[in-house]
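J.: Chain residues, written in single-letter form:
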Amino acid sequence: MFNMPYGVSLLSHEIWRLHMAAFYVCCVIGLVVFSVLLYSLVRFRKSKGAEAVHFHEHLGIEILWTTIPFLILVALAVPATIVLMHIHDTEKSDLTIKITGYQWKWKYEYLDQGIHFFSNLSSTVEQINNQAPKSQWFLREVDNPVVVPVDTKVRLLVTADDVVHSWWVPELGVKQDAVPGYVNENWFYITKPGTYRGQCGELCGVNHGFMPIVVEAVSKPEFDQWVAAHQGGNVAALQAAQLAPETEDQLMTAGKAAYLKSCAMCHQATGEGLPPSFPPLKGSKVVTGPVQANDAFVLKGVPGTAMQAFGEQLDPATIAAIVTYIRHSWGNDALNHQHGNPVTVQPADVEKVNSAR
Amino acid sequence: MAGMSDRKLTLVLLAGVIFMFGFSYMLVPLYRLVCKQQGINGQSVRSAATVDPHMQVDRSRTIRVYFTTVLHNDIAFQFRSLQRSVEIHPGERKLIYFFAENQTGKDLTVQAIPSITPVDAARYLKKTECFCFTQQYFYQGERADMPVYFFVDPDIPKNIKEITLAYTLFDASGFEKKKERYHRKGRIDV
Amino acid sequence: MTETTIVSGQHAHHDDHHGPAKGIARWLFTTNHKDIGTLYLFFSLIMLFVGGVMALLVRVELFEPGKVLMNPEYFNQMTTMHGLIMIFGVVMPALAGLANWMIPMMIGAADMALPRLNNWSFWLLPFAFTLLLSTLFMKGPAPDFGWTFYAPLSTTYGPASTDFFIFSIHMMGASSILAALNIVVTIFNMRAPGMTWMQLPVFVWGWLVTAFLLLAVMPVLAGCVTMMLMDRHFHTSFFNAAGGGDPILFQHIFWFFGHPEVYILILPGFGIISDIIPTFSRKPLFGYHFMVYATIVIAFLGYIVWMHHMFTTGAPLVAQLFFMYATMLIAVPTGIKVFNWVGTLFKGSITFETPMLFALGFLVMFTLGGFSGLMLALVPADYQYRDSYFVVAHFHYVLVSGSLFTILAGVYYWLPKWTGRMYNETIGQWHFWLSVIGMNVTFMPMHFLGLAGMPRRIPDYALQFTDFNQICTVGAFIFGIAQLFFLYNIIVCCFGKKPRGLPGRVWEGARGFEWTIPSPAPYHTFEVTPELTSAEARAKF
Chain A
1 MFNMPYGVSL LSHEIWRLHM AAFYVCCVIG LVVFSVLLYS LVRFRKSKGA EAVHFHEHLG
61 IEILWTTIPF LILVALAVPA TIVLMHIHDT EKSDLTIKIT GYQWKWKYEY LDQGIHFFSN
121 LSSTVEQINN QAPKSQWFLR EVDNPVVVPV DTKVRLLVTA DDVVHSWWVP ELGVKQDAVP
181 GYVNENWFYI TKPGTYRGQC GELCGVNHGF MPIVVEAVSK PEFDQWVAAH QGGNVAALQA
241 AQLAPETEDQ LMTAGKAAYL KSCAMCHQAT GEGLPPSFPP LKGSKVVTGP VQANDAFVLK
301 GVPGTAMQAF GEQLDPATIA AIVTYIRHSW GNDALNHQHG NPVTVQPADV EKVNSAR
Chain B
1 MAGMSDRKLT LVLLAGVIFM FGFSYMLVPL YRLVCKQQGI NGQSVRSAAT VDPHMQVDRS
61 RTIRVYFTTV LHNDIAFQFR SLQRSVEIHP GERKLIYFFA ENQTGKDLTV QAIPSITPVD
121 AARYLKKTEC FCFTQQYFYQ GERADMPVYF FVDPDIPKNI KEITLAYTLF DASGFEKKKE
181 RYHRKGRIDV
Chain C
1 MTETTIVSGQ HAHHDDHHGP AKGIARWLFT TNHKDIGTLY LFFSLIMLFV GGVMALLVRV
61 ELFEPGKVLM NPEYFNQMTT MHGLIMIFGV VMPALAGLAN WMIPMMIGAA DMALPRLNNW
121 SFWLLPFAFT LLLSTLFMKG PAPDFGWTFY APLSTTYGPA STDFFIFSIH MMGASSILAA
181 LNIVVTIFNM RAPGMTWMQL PVFVWGWLVT AFLLLAVMPV LAGCVTMMLM DRHFHTSFFN
241 AAGGGDPILF QHIFWFFGHP EVYILILPGF GIISDIIPTF SRKPLFGYHF MVYATIVIAF
301 LGYIVWMHHM FTTGAPLVAQ LFFMYATMLI AVPTGIKVFN WVGTLFKGSI TFETPMLFAL
361 GFLVMFTLGG FSGLMLALVP ADYQYRDSYF VVAHFHYVLV SGSLFTILAG VYYWLPKWTG
421 RMYNETIGQW HFWLSVIGMN VTFMPMHFLG LAGMPRRIPD YALQFTDFNQ ICTVGAFIFG
481 IAQLFFLYNI IVCCFGKKPR GLPGRVWEGA RGFEWTIPSP APYHTFEVTP ELTSAEARAK
541 F
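Chains as they are written, first to last, in this note's numbering: chain A, 1 to 357; chain B, 1 to 190; chain C, 1 to 541.
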């Protein structure tokens with residue numbers, strides 16, 4: 001807890017050593033300077049009869065205490081330069097992962113394996129609002145972690161979809177800004193299996209503190225197994241239920257859970273939102289209006305705002321459940337009945353709207 | 001500045017202030033210039049590079065160039081490169097294609113923004129033809145194979161062996177340059 | 001603040017001399033440098049408490065994981081406003097107030113060169129801050145993108161209040177530019193005869209260099225926020241990749257202003273310390289020439305290091321190396337200053353009145369902030385520090401126990417000169433010790449929080465960060481309460497019942513024109529210009 005982690009990546013080790021070297025240098029300089037200072041304050045007190053002398057310049061000593069710090073800086077600059085050159089060497093990696101920062105989640109794409117998925121904070125809104133006990137990894141746990149093999153040079157291509165984010169995992173020694181429109185490159189080489197956690201490192205809006213990163217480093221055979229299990233498209237799609245019809249109860253239960261996970265951060269558990277940034281869903285014209293427009297709204301989002309195109313992130317069954325839940329809740333069901341709008345949405349309906357656009 | 005009257009000195013300093021305000025605007029093209037020279041943020045590949053007619057192909061080594069695409073705000077386009085990567089010699093010119101299809105349900109102007117990593121290699125990748133040089137106007141449902149004609153400068157340091165060329169596709173509504181609509185240069189409609 | 005109309009100097013220059021106007025008109029229309037200095041200082045004091053309350057609200061929210069007081073949106077507004085207020089509403093106006101009060105007296109001038117401009121420079125500020133603070137009461141969030149307001153968070157995704165924020169920044173910038181103009185012209189043209197450049201008090205040197213910094217970079221800030229406004233409303237795309245722009249351009253333009261800005265916040269303070277330490281050591285400043293050169297070198301270097309705020313944005317190796325080396329270099333002139341201050345103390349005859357306490361506290365704790373700054377300069381290490389609480393610790397050490405302590409030291413040092421009353425030394429000592437304790441308890445643990453991986457600007461955090469955050473919050477409240485002791489002393493000196501009247505040379509070891517006039521300083525001083533050309537004048541000085 002007291003110091004920068006030594007970490008598990010070749011780079012994090014080098015960075016740690018550099019940090020410690022700088023720290024020791026500062027300690028020594030501090031000790032010298034503060035000793036002279038303390039000595040002066042004690043020895044030359046007027047109350048103890050000290051009389052001031054009148055010298056007030058000395059070229060030799062000025063040159064000395066200009067030159068010595070300069071040389072110390074050179075001594076620090078050399079290892080810093082070497083480590084930096086290592087960081088810039090992204091040659092010959094064995095695995096490439098493209099990372100996209102969104103407000104407020106990460107998307108990971110394994111470019112050569114054809115795997116892509118979103119990674120959301122999995123701590124619940126109830127935990128944040130102190131209505132449920134907090135999990136051990138509160139705010140540092142996700143639904144879909146990044147899985148990587150150990151002893152492999154992993155190249156990261158980092159970008160963002162909306163504002164500037166930053167991908168930071170201290171134990172891997174990686175922090176790279178995610179800038180919309182541009183791609184940055186970084187790498188890590190993990191030497192020890194384990195779970196490594198990090199957070200977004202650039203203020204990106206309201207939920208900047210709620211988009212963590214979890215990297216699971218596993219052995220190479222385990223990694224190959226994971227790849228085989230997840231290949232062929234969207235992980236979320238694989239995990240999803242079929243496009244089979246569901247009962248209202250199933251939709252409501254799943255919908256409430258999914259709403260709390262994906263929507264409540266902005267639109268709140270009460271559906272009241274935080275206007276005007278996050279409009280209320282309670283009594284909303286879209287949610288109490290035609291159901292296909294409601295589906296399309298969630299699928300396509302509103303570009304240029306925080307309302308994302310959830311069609312890319314959630315499977316049709318989950319979206320159907322969420323739309324069902326919000327059309328039912330907070331008095332919206334009464335309004336929908338009034339207008340003669342359906343309240344329940346099936347996965348197949350959502351899929352139809354999705355493919356129609 | 002010594003010996004100037006209050007009024008004169010004030011005016012001189014005020015002129016300096018106005019200059020610095022203008023300087024902040026000058027930083028915009030200055031930044032673009034430096035980025036272009038260094039290859040940062042794709043600035044060096046937004047326009048066609050001039051090819052040195054005496055450019056030699058360096059057959060003693062190869063560089064693998066990877067391609068990847070990003071859909072900004074999950075724009076409803078299909079947009080991907082037709083090959084994951086190619087292996088080329090420095091100095092060798094190569095033609096590759098990106099496939100794009102407008103699935104937004106309406107006519108749209110898009111802009112592809114390139115980005116090259118690693119950043120120290122960026123200025124060595126040069127293009128003579130690219131769909132990103134201009135905006136691209138797509139009819140609803142239109143599909144196209146879009147070419148990129150590029151090479152890697154033989155001056156590239158020997159330790160660089162992998163380069164990634166990325167494109168982010170933006171909806172350019174609101175920033176349309178009208179004339180782009182009629183220029184289908186470099187597009188092959190599929 | 002002063003009611004006497006005694007004219008100082010050898011004889012009354014104006015027979016029909018008038019004192020200050022009465023009532024509120026005095027404060028609205030004054031062109032007197034002392035009054036304007038007072039206005040700046042009181043404004044700054046009020047903003048200190050406003051910004052301080054915001055900080056305490058932030059610390060309460062961070063007392064425990066989970067939501068404590070406010071939702072994340074409000075938290076982001078509090079951290080943003082706290083930063084803007086402390087930088088633009090506390091430190092800069094306070095330093096301007098000290099400049100206004102002291103520079104004319106220090107150089108033997110009757111007033112600033114452009115007195116009416118001086119009035120405008122001040123009065124822009126209350127308007128600017130009313131506009132800024134009013135955004136907290138508007139529909140929709142106030143600025144919530146950090147005081148560094150990166151694009152596109154502040155452009156494409158910025159709330160409606162952003163435009164008010166932009167206009168507010170324009171006004172603050174104008175205020176600073178006009179004040180800086182005034183200071184440069186005053187120092188160039190109104191020095192007493194015989195006061196050569198190398199006899200200028202170090203506080204005046206500090207402000208002279210700072211004024212040039214302000215003139216050069218505040219317009220760049222103005223350009224930056226104007227570009228923001230254009231992107232938001234006039235369909236330009238300076239910072240929007242969709243239209244061919246670049247979010248990183250914003251960071252370059254902002255930090256081109258932002259880095260010199262932090263030197264603007266500290267250089268006058270260095271000058272204050274360079275006045276106080278010799279006074280209370282009864283010994284001249286060691287290495288005056290090197291102190292002046294170091295100030296100038298720091299200012300120059302400050303222009304070429306801005307990218308050290310952007311090491312993780314994907315810059316080429318060569319650029320990162322250049323900015324790393326340039327940033328590390330600043331440690332040299334800064335170190336020279338620290339050594340010279342210690343050299344002044346060495347073999348002096350030291351007493352520990354409150355101004356000296358704050359100066360010594362500054363000396364130790366600013367140096368600590370300098371150490372974390374050196375660590376931050378090392379790019380690979382910065383990858384771990386950046387945007388974490390390690391940075392928060394660093395800049396609070398150099399801004400609170402740096403800038404703020406120099407201001408507090410200066411106020412205690414000069415309050416007796418301004419008011420003719422001595423502050424209460426015991427209360428002053430309580431203020432000092434509680435501030436030092438509070439400051440360290442608040443910000444020392446933040447170094448470790450940052451090293452352990454806690455990012456900045458988050459309203460809620462993982463469980464393992466709880467203990468240290470709680471310590472920080474307790475420290476913050478100690479520090480906040482300590483400032484009430486300061487308030488007491490200000491009230492006592494300004495509005496108290498003790499009779500006014502102290503010797504001109506309030507402090508035995510003090511030297512300079514300002515100590516040759518009575519305390520309280522008369523409303524008009526040095527209407528007859530003193531001179532430094534004769535040996536006897538120099539001896540008295």
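Hints may be right or wrong, so weigh each one.
Claimed, not checked - Cut-off 27 Å, straight-line C-alpha distance, at most; resulting in silico cross-link-like pairs (DSSO-like, lysine-lysine):
#1 Lys-106(B) with Lys-285(A)
#2 Lys-92(A) with Lys-106(B)
#3 Lys-94(B) with Lys-8(B)
#4 Lys-22(C) with Lys-347(C)
#5 Lys-220(A) with Lys-153(A)
#6 Lys-22(C) with Lys-48(A)
#7 Lys-106(B) with Lys-153(A)
To be verified - Restraint-style ranges between C-beta atoms, simulated for each label pair:
#8 Ile-304(C) with Arg-45(A): 54 to 60 Å
#9 Leu-136(C) with Lys-161(B): 51 to 57 Å
#10 Arg-64(B) with Pro-193(A): 51 to 57 Å
Simulated from the structure, these hints should not be mistaken for laboratory data. Everything numeric in this text was worked out from a predicted model, so none of it was measured. Note that beta-carbon positions come from the ideal geometry of N, C-alpha and C, so glycine has one too.
J.: Look at each hint and say if it fits the structure.
T.: A quick look at each hint next to the structure:
The suggested pairing of Lys-106(B) with Lys-285(A) holds, with an alpha-carbon distance near 25 Å, which does not exceed 27 Å. For the given pair, Lys-92(A) sits about 42 Å from Lys-106(B) by alpha-carbon distance, which is inconsistent with the 27 Å threshold. Of the pairs offered as hints, the one joining Lys-94(B) and Lys-8(B) is violated, with about 62 Å between alpha carbons and a cut-off of 27 Å exceeded. This hinted pair does not check out: Lys-22(C) and Lys-347(C) have alpha carbons roughly 50 Å apart, beyond 27 Å.
A distance of roughly 12 Å separates the Cα atoms of Lys-220(A) and Lys-153(A); the hinted pair therefore holds under the 27 Å criterion. With a C-alpha separation of about 50 Å, the suggested pairing of Lys-22(C) with Lys-48(A) is violated against the 27 Å cut-off. The straight-line distance between the Cα atoms of Lys-106(B) and Lys-153(A) is roughly 43 Å, outside the 27 Å bound, and the hint therefore fails. Separation of Ile-304(C) from Arg-45(A) is about 42 Å and departs from the stated range, judged on CB atoms against 54 to 60 Å.
One distance hint, 51 to 57 Å for the beta-carbon pair Leu-136(C) and Lys-161(B), holds here, with the actual separation near 55 Å. Hint check: Arg-64(B) to Pro-193(A), Cβ distance near 29 Å, so the stated range 51 to 57 Å is violated.
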